[in-house]
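Asks: The primary structure of each chain is shown beneath.
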Amino acid sequence: MTEAGYNFAYLDEATKRMIRRAILKAVAIPGHQIPFGAREMPLPYGWGTGGIQVTASILGPNDVLKVIDQGADDTTNAVSIRRFFTRVAGIATTEVTGEASIIQTRHRIPEKPLTENQILVYQVPQPEPLFRLEPHRAETRRLHALADYGLMHVRLYEDIARLGHIAKAYDYPVMVNERYLMSPSPIPAFDNPKMHQMAALQLFGAGREKRIYAVPPYTPVRSLDFEDHPFRPIRAPHACAICGSTTSYLDELVTDDAGGRAFICSDTDYCQERQQAPKAAAE
Amino acid sequence: MNILLRTEGLAKTFTLHLQGGTCIPVLGRVDLAVSAGECVALSGPSGAGKSTLMRCLYGNYGAGAGRILLAHRGAELDLASADPRAVIEARRESIGYVSQFLRVIPRVSTRDIVAEPMVARGMAREDALSRASALLDRLNLPERLHGLPPATFSGGEQQRVNLARGFGPRSPVLLLDEPTASLDAGNRAIVIGLIHEAKQAGTAIVGIFHDAEVREAVADRVFTVEPMQDAA
Amino acid sequence: MTLLLEAKGLDLKFGAIAALDDVALDVTAGEVVAIVGESGSGKTTLLRVLAGQMAPDAGAVHYLGRDVLGMTEAERRRLMRMDWGFVHQNPRDGLRMGVSAGGNVGERLMALGARHYGNIRDEAKAWLQRVEIDAGRIDDLPRHFSGGMQQRLQIARTLVTRPKLVFMDEPTGGLDVSVQARLLDLIRALVRELGLSVLIVTHDIAAARLLADRILVMRRGQVVEQGLTDRVLDDPQHPYTQLLVSSVLAA
Numbered sequence: 001m002t003e004a005g006y007n008f009a010y011l012d013e014a015t016k017r018m019i020r021r022a023i024l025k026a027v028a029i030p031g032h033q034i035p036f037g038a039r040e041m042p043l044p045y046g047w048g049t050g051g052i053q054v055t056a057s058i059l060g061p062n063d064v065l066k067v068i069d070q071g072a073d074d075t076t077n078a079v080s081i082r083r084f085f086t087r088v089a090g091i092a093t094t095e096v097t098g099e100a101s102i103i104q105t106r107h108r109i110p111e112k113p114l115t116e117n118q119i120l121v122y123q124v125p126q127p128e129p130l131f132r133l134e135p136h137r138a139e140t141r142r143l144h145a146l147a148d149y150g151l152m153h154v155r156l157y158e159d160i161a162r163l164g165h166i167a168k169a170y171d172y173p174v175m176v177n178e179r180y181l182m183s184p185s186p187i188p189a190f191d192n193p194k195m196h197q198m199a200a201l202q203l204f205g206a207g208r209e210k211r212i213y214a215v216p217p218y219t220p221v222r223s224l225d226f227e228d229h230p231f232r233p234i235r236a237p238h239a240c241a242i243c244g245s246t247t248s249y250l251d252e253l254v255t256d257d258a259g260g261r262a263f264i265c266s267d268t269d270y271c272q273e274r275q276q277a278p279k280a281a282a283e
Numbered sequence: 001m002n003i004l005l006r007t008e009g010l011a012k013t014f015t016l017h018l019q020g021g022t023c024i025p026v027l028g029r030v031d032l033a034v035s036a037g038e039c040v041a042l043s044g045p046s047g048a049g050k051s052t053l054m055r056c057l058y059g060n061y062g063a064g065a066g067r068i069l070l071a072h073r074g075a076e077l078d079l080a081s082a083d084p085r086a087v088i089e090a091r092r093e094s095i096g097y098v099s100q101f102l103r104v105i106p107r108v109s110t111r112d113i114v115a116e117p118m119v120a121r122g123m124a125r126e127d128a129l130s131r132a133s134a135l136l137d138r139l140n141l142p143e144r145l146h147g148l149p150p151a152t153f154s155g156g157e158q159q160r161v162n163l164a165r166g167f168g169p170r171s172p173v174l175l176l177d178e179p180t181a182s183l184d185a186g187n188r189a190i191v192i193g194l195i196h197e198a199k200q201a202g203t204a205i206v207g208i209f210h211d212a213e214v215r216e217a218v219a220d221r222v223f224t225v226e227p228m229q230d231a232a
Numbered sequence: 001m002t003l004l005l006e007a008k009g010l011d012l013k014f015g016a017i018a019a020l021d022d023v024a025l026d027v028t029a030g031e032v033v034a035i036v037g038e039s040g041s042g043k044t045t046l047l048r049v050l051a052g053q054m055a056p057d058a059g060a061v062h063y064l065g066r067d068v069l070g071m072t073e074a075e076r077r078r079l080m081r082m083d084w085g086f087v088h089q090n091p092r093d094g095l096r097m098g099v100s101a102g103g104n105v106g107e108r109l110m111a112l113g114a115r116h117y118g119n120i121r122d123e124a125k126a127w128l129q130r131v132e133i134d135a136g137r138i139d140d141l142p143r144h145f146s147g148g149m150q151q152r153l154q155i156a157r158t159l160v161t162r163p164k165l166v167f168m169d170e171p172t173g174g175l176d177v178s179v180q181a182r183l184l185d186l187i188r189a190l191v192r193e194l195g196l197s198v199l200i201v202t203h204d205i206a207a208a209r210l211l212a213d214r215i216l217v218m219r220r221g222q223v224v225e226q227g228l229t230d231r232v233l234d235d236p237q238h239p240y241t242q243l244l245v246s247s248v249l250a251a
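Chains A, B and C supply the protein sequences, listed in that same order. Terminal number for the first sequence in this note's numbering: 283, no gaps in between. Terminal number for the second sequence in this note's numbering: 232, no gaps in between. Terminal number for the third sequence in this note's numbering: 251, no gaps in between.
There's no promise every hint is true.
[To be verified] Computed list of chain B residues with no C-beta within reach of chain C, every gap over 12 Å:
#, residue
1, H17
2, R29
3, G37
4, G44
5, R85
6, A86
7, S133
8, R188
9, H196
10, F223
[Unchecked claim] Here are the simulated distance ranges between beta carbons:
#, chain 1, residue 1, chain 2, residue 2, range
11, C, M71, A, R235, 23 to 29 Å
12, C, Q129, B, G147, 51 to 57 Å
13, C, A55, A, A92, 58 to 64 Å
14, C, G98, A, G98, 32 to 38 Å
15, C, D22, A, D159, 50 to 56 Å
Derived by calculation from the structure, the hints in this document are not laboratory data. Ideal Cβ placement from N, Cα and C applies to all residues, glycine included.
All chains, full assembly: derive it from the sequences and hints.
Replies: Have a look at this one:
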């Protein structure tokens with residue numbers, strides 16, 4: 001049952017059409033930021049208003065939606081957004097990565113490889129990768145137009161000069177299709193390689209900044225680096241305390257007042273699947 | 001006779017716009033010719049325009065009328081009408097000038113200042129530096145000074161630096177403006193030697209020599225610059 | 001003699017004031033040309049028009065035969081990155097104050113595609129030494145540098161990619177006299193070593209004499225006199241040039 005008085009998926013059809021047009025443009029020019037007329041949504045900026053508008057515009061009645069926040073399905077943000085779409089669109093939701101047709105995410109890419117039948121929607125706080133490097137918006141647009149990205153390398157150079165390595169652990173800049181410099185949203189650099197040649201369509205929505213951009217399926221996505229300081233995805237050198245994974249991205253938890261720590265998978269669905277897999281095999 | 005530098009009807013008048021446009025004619029119809037291996041001494045009373053003529057010959061002052069023809073790259077170049085770039089090229093290759101005062105370049109060592117025009121003429125840097133040292137030695141400039149910028153040198157020392165710089169590149173035409181003014185007898189003799197050698201090598205020289213002894217020792221003939229009547 | 005830059009018939013009016021009035025100019029390879037004149041005479045405007053940063057009302061500017069004013073923004077920027085350099089009067093306009101000295105020098109290299117950190121750093125160190133900045137300060141921010149050092153850093157940042165033509169706008173303005181001499185001498189040495197062509201705007205007659213082969217005197221948007229530097233300064237013909245030269249205290 002959907003909530004009475006709302007159009008399917010909250011946004012009116014004209015708005016959805018406008019957003020879909022922006023999405024089509026974004027898909028046509030991979031990595032290029034397309035402005036769109038972001039609407040006021042019934043939740044505050046920073047809670048994924050951009051991602052929600054993208055999701056609302058592509059959602060159909062038969063879609064199965066999964067929402068994750070930092071990899072987890074059960075955090076406040078994820079739960080609220082899932083409940084929102086259940087109420088305004090009446091669609092099915094899931095926590096299982098493989099079952100979802102649309103996955104809206106904040107700050108992670110699921111560990112399980114996505115397929116051509118899936119769409120990954122990123123919530124983006126700051127779409128401009130040159131933000132903080134070049135204060136003038138008009139100038140950043142010009143730099144994109146001319147593919148003049150020396151400035152981004154200056155930033156990486158500065159990291160190596162100061163710290164001996166590139167310090168960006170998340171929102172690590174990428175080149176899309178060897179043309180546009182793109183912010184991958186604040187996902188860990190660990191997830192960057194998953195964007196490269198991904199089978200699923202990747203859509204990015206920034207509500208406050210009113211920008212949409214996209215990476216179509218099977219598009220090259222390269223993390224910027226130097227020849228002698230190559231990009232290296234970093235993960236904590238531990239195994240998951242629950243499922244024992246040594247390849248997944250881990251969250252560090254403080255477990256008691258004595259400063260005890262544990263590392264567990266940030267992708268809760270992945271962790272659960274691994275916990276059940278040995279039992280399933282045993283049964 | 002191989003003429004390397006000559007003037008035809010060279011005239012020069014200064015117009016002082018800041019003094020209500022006062023005109024001061026300094027040179028009127030100067031016809032001078034200097035051949036290879038010849039040294040011509042300019043004479044005339046003080047203020048007759050000897051230095052002005054020298055500066056015109058080097059292209060430092062523009063000519064009011066007439067031509068200044070310099071043998072350059074197998075032809076005659078009129079310095080009075082030549083493009084500035086051609087004048088620069090001619091100064092690099094065909095004509096040198098030893099002024100009374102050294103224009104000091106901050107922080108550049110004496111040896112480099114002397115070597116510079118030789119390098120500009122195409123001499124290898126090491127060769128230019130060693131010739132610079134040799135010339136400075138010959139002019140009795142103590143070796144400890146070679147590496148210092150000449151800004152703090154005495155007048156006589158600076159003049160010797162200027163002479164070394166002027167004789168260094170072996171320009172086919174050389175202009176000498178009071179080259180021995182602040183030198184003692186010993187160094188004057190050395191400069192006379194340098195001038196003789198340059199003449200031997202075929203250099204055409206025009207000079208202003210206040211010192212009669214020097215003039216007699218080097219000049220083949222005297223060219224008198226007549227003072228102009230004041231037009232005012 | 002390769003003609004690098006050629007401008008003809010440049011006109012530009014700001015309201016009723018002619019900033020450029022039928023200005024023509026050319027620069028050949030390896031030549032240093034100074035534009036002198038008092039503040040407001042149109043020098044800086046001319047520099048900006050020649051560098052394609054400002055459009056004139058009329059006239060043409062060609063660089064190696066290419067029409068600078070008709071270029072797309074992309075072409076002009078590529079030229080600015082590869083062939084040209086611009087040294088601003090205020091180093092803050094030419095430097096990234098929040099980026100280390102090494103990053104400032106390296107930026108142009110990276111913009112041209114350099115992707116080897118070690119090589120970029122070596123090149124940056126070599127250039128710092130070349131402009132007489134201790135290589136040990138490579139990771140310091142320019143805001144901790146003196147004015148003279150900042151200006152030298154800006155020069156290193158500009159010359160690191162070996163541009164053919166460098167525009168300089170009052171490079172010694174705002175510096176102490178003692179620092180000016182050192183900077184001028186450094187510029188002079190680099191220009192010779194690298195065989196640069198330079199178009200320098202200055203109101204400092206001594207700087208023009210030291211650096212320039214040729215000089216243009218501007219007044220109220222017009223070139224009133226031009227020629228060989230020492231001839232224009234020692235035997236000035238135009239009343240304004242005579243005034244300008246006579247206003248300089250002999251050093």
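Asks: Quick one: work out the minimum CB distance from R29(B) to chain C and report holds if it exceeds 12 Å, violated otherwise.
Replies: 19 Å, holds
Asks: In this structure, is the beta-carbon distance linking M71(C) and R235(A) contained in 23 to 29 Å?
Replies: 48 Å, violated
Asks: Any Cβ of chain C at or closer than 12 Å to R85(B), or is the non-interface label fine?
Replies: 7 Å, violated
Asks: If I take the minimum Cβ distance from G44(B) to any residue of chain C, is it greater than 12 Å?
Replies: 20 Å, holds
Asks: Far enough from chain C: is every CB of that chain over 12 Å from the CB of H196(B)?
Replies: 30 Å, holds
Asks: Please check whether D22(C) and D159(A) have a Cβ separation lying inside 50 to 56 Å.
Replies: Given range 50 to 56 Å: holds, Cβ gap about 52 Å.
Asks: Can we trust that S133(B) is non-interface, i.e. its beta-carbon lies farther than 12 Å from all of chain C?
Replies: 20 Å, holds
Asks: Test the statement that G37(B) is away from the interface with chain C: the closest C-beta pair must be farther apart than 12 Å.
Replies: 28 Å, holds
Asks: Find the nearest Cβ of chain C to the Cβ of A86(B) and say whether that gap is larger than 12 Å.
Replies: 10 Å, violated
Asks: Please confirm whether R188(B) is truly not at the interface, meaning its C-beta sits more than 12 Å away from all C-beta atoms of chain C.
Replies: Consistent with the label, R188(B) stays out of reach of chain C, its closest Cβ about 28 Å off (over 12 Å).
Asks: Grab the minimum beta-carbon distance between F223(B) and chain C and tell me whether it stays above 12 Å.
Replies: 22 Å, holds
Asks: Would you say the C-beta atoms of Q129(C) and G147(B) sit inside 51 to 57 Å of each other?
Replies: This hint is violated: roughly 20 Å between Cβ atoms.
The structure shown violates the earlier hints numbered 1, 5, 6, 11, 12, 14.
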